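Colleague: Produce the entire structure from the sequences given, and follow the hints as far as they go.
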Amino acid sequence: MDFIEKIGRLDRRIIFLTVALAVILPLFFPLGLPIEVTPPVQQLYDVIEGLPGGSVVMMSIDYDPSGAPELQPATLSILRHCFRRDLKVLMLGLWAPGVPLGVRALDEVGVGEFNKEYGVDFVNFGYKPGGAVTLVNLGRDIHDVCRQDIYGTAVEELPMMDDVKAANDIGLVLSMSMGVPGSDQWIWYYHARYQGNLATAQTAIGAPRYYQYLQTGQLVGLVGGMKGSAEYERLVDHMGLATTGMDSQSIAHLLIIGFVILGNIVYWAEKRRKA
Amino acid sequence: MLMTTGPWVWVAALLTLAIYSFLYKDNPVYKVAEYIFVGLSAGYWAAFLWWNYAYPNLFEPLARGNYWNIIPIAMGLMMFTQLSRRTSWMVRFPLTFVLGVSLGLQIVAAVEGDMVPQLAGTFSPFTRGAMFNTYDFWTSVGYIVLLVGVLATITYFFFSKEHKGILGVSSKVGIYFLMVAFGASFGYTIMARISLLFGRVHFLLSDWMHVLK
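Protein chains in written order, with the working numbering: chain U, 1 to 275; chain C, 276 to 488.
Bear in mind the hints are in silico, worked out from the structure with no lab data behind them. It should be emphasised that the depicted structure is a prediction, and the values quoted were computed from it without experimental measurement. Heads up, the beta-carbon is just placed ideally off N, CA and C, and yes, glycines get one too. It is possible that some hints are incorrect.
[To be verified] A few chain C residues that don't get close to chain U, going by computed Cβ distances all over 10 Å:
hint	residue
1	281
2	336
3	370
4	474
[Claimed, not checked] Straight-line Cα separation of at most 27 Å, BS3-like style, residue types lysine-lysine; simulated pairs:
hint	chain 1	residue 1	chain 2	residue 2
5	U	6	U	274
6	C	300	U	6
7	U	6	U	271
8	C	447	C	436
9	U	116	U	165
10	C	436	U	271
Modeller: See the structure below:
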């Protein structure tokens with residue numbers, strides 16, 4: 001059995017093992033590969049930077065724990081940026097399993113790092129069922145859709161919500177999304193009707209199709225996958241999980257590129273031999 | 276550097292390892308983890324749908340005297356009539372209602388949110404002269420590539436005429452654009468999958484084993 005045949009019949013578990021090592025080893029021996037900030041992430045940063053102090057950022061947690069490695073670092077970084085700029089945060093979510101992740105992020109950043117006050121600087125309305133219908137109504141009357149926060153407090157008793165009634169009271173809408181309902185619904189049912197600033201953070205698998213909305217101006221920013229999260233961590237100068245993961249990402253990508261090249265060489269060699 | 280004593284971290288870590296054991300080969304430990312996941316998911320979603328949809332939107336308002344809610348409850352029950360051949364005709368009423376509402380929302384959204392802005396975004400740099408006013412060479416090239424890509428890809432999906440001559444060339448160019456798009460998607464998909472693996476590995480090494488800071 002020659003080299004080409006051996007590679008062609010390689011036990012796939014060896015590939016799994018090498019990919020695992022490519023992810024694990026950089027955690028112990030960090031390479032510190034550079035992270036360049038791309039324009040879609042910079043655009044979002046600039047929009048938040050340009051909002052007047054006291055503006056409201058509506059953040060929709062549209063992901064579950066499986067999307068957390070990619071999106072939770074972006075959520076934390078964007079919250080850091082908002083609270084650093086004294087913006088107010090209105091959190092809700094179209095995915096029920098995302099609610100605890102949102103609560104954890106607000107506790108960690110809002111309360112833990114910036115000592116912000118619940119009800120005054122940020123509120124959390126938790127999961128909002130209904131998808132399209134909810135978003136259509138949300139832009140028209142926020143108080144009607146968000147009658148109680150996740151702790152059961154009536155919206156009228158939350159001071160921050162006194163001046164936040166409809167879409168035109170929101171400075172920026174952010175959909176942290178990994179599927180449906182998510183950014184598509186925000187674009188189609190909310191932005192198409194009420195306009196305003198809308199941006200998204202996406203898991204890598206969903207990110208490519210949102211570049212078209214950036215080009216048309218329907219989105220003002222796009223954070224794509226763990227790489228986008230790492231870029232935002234760099235912008236707010238707070239390195240976290242995404243930055244830690246980028247070395248593993250880069251090494252694993254190089255390995256997979258190597259496998260793709262090797263696989264093609266073997267494919268062509270075997271084809272030539274049979275001919 | 277002691278391992279965690281948190282029981283739920285241990286449960287999560289052992290279940291993670293049980294699922295990954297499938298990569299070696301199918302085994303009973305993996306099956307147990309798989310069945311636990313399926314069972315928990317079914318239970319979670321049943322409770323979720325009841326507490327987030329059925330109870331607060333239907334039954335609780337009904338108990339408070341909102342008798343209009345009998346209509347959606349009746350329509351919901353009609354969904355089950357398809358289980359019998361004699362009564363299955365009744366399912367048409369709720370299905371028609373759902374289809375009508377969905378189409379009404381979807382058509383407007385597709386036109387307002389997708390079709391018109393995307394068409395405008397493709398052609399407006401030329402019609403509004405944005406392309407000629409910009410002094411950035413690569414931005415202008417980008418506008419042209421975008422337009423060529425859109426038109427070529429559309430011709431690839433035009434099946435009313437044989438792909439020969441100009442149409443053949445255009446559809447071939449469209450294939451190349453599609454291949455680039457699929458390649459970009461594949462690259463991003465790999466990034467997503469590696470991120471998932473990284474998330475689990477980081478959890479095992481930091482939260483469970485405490486070998487990472």
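Colleague: Now tell me, hint by hint, if it's right for this structure.
Modeller: Hints, one by one, checked against the model:
| no. | hint | verdict |
| --- | --- | --- |
| 1 | 281 | 16 Å, holds |
| 2 | 336 | 13 Å, holds |
| 3 | 370 | 18 Å, holds |
| 4 | 474 | 3 Å, violated |
| 5 | U:6 - U:274 | 16 Å, holds |
| 6 | C:300 - U:6 | 21 Å, holds |
| 7 | U:6 - U:271 | 15 Å, holds |
| 8 | C:447 - C:436 | 14 Å, holds |
| 9 | U:116 - U:165 | 22 Å, holds |
| 10 | C:436 - U:271 | 35 Å, violated |
Of the numbered hints listed earlier, those contradicted by the structure are 4 and 10.
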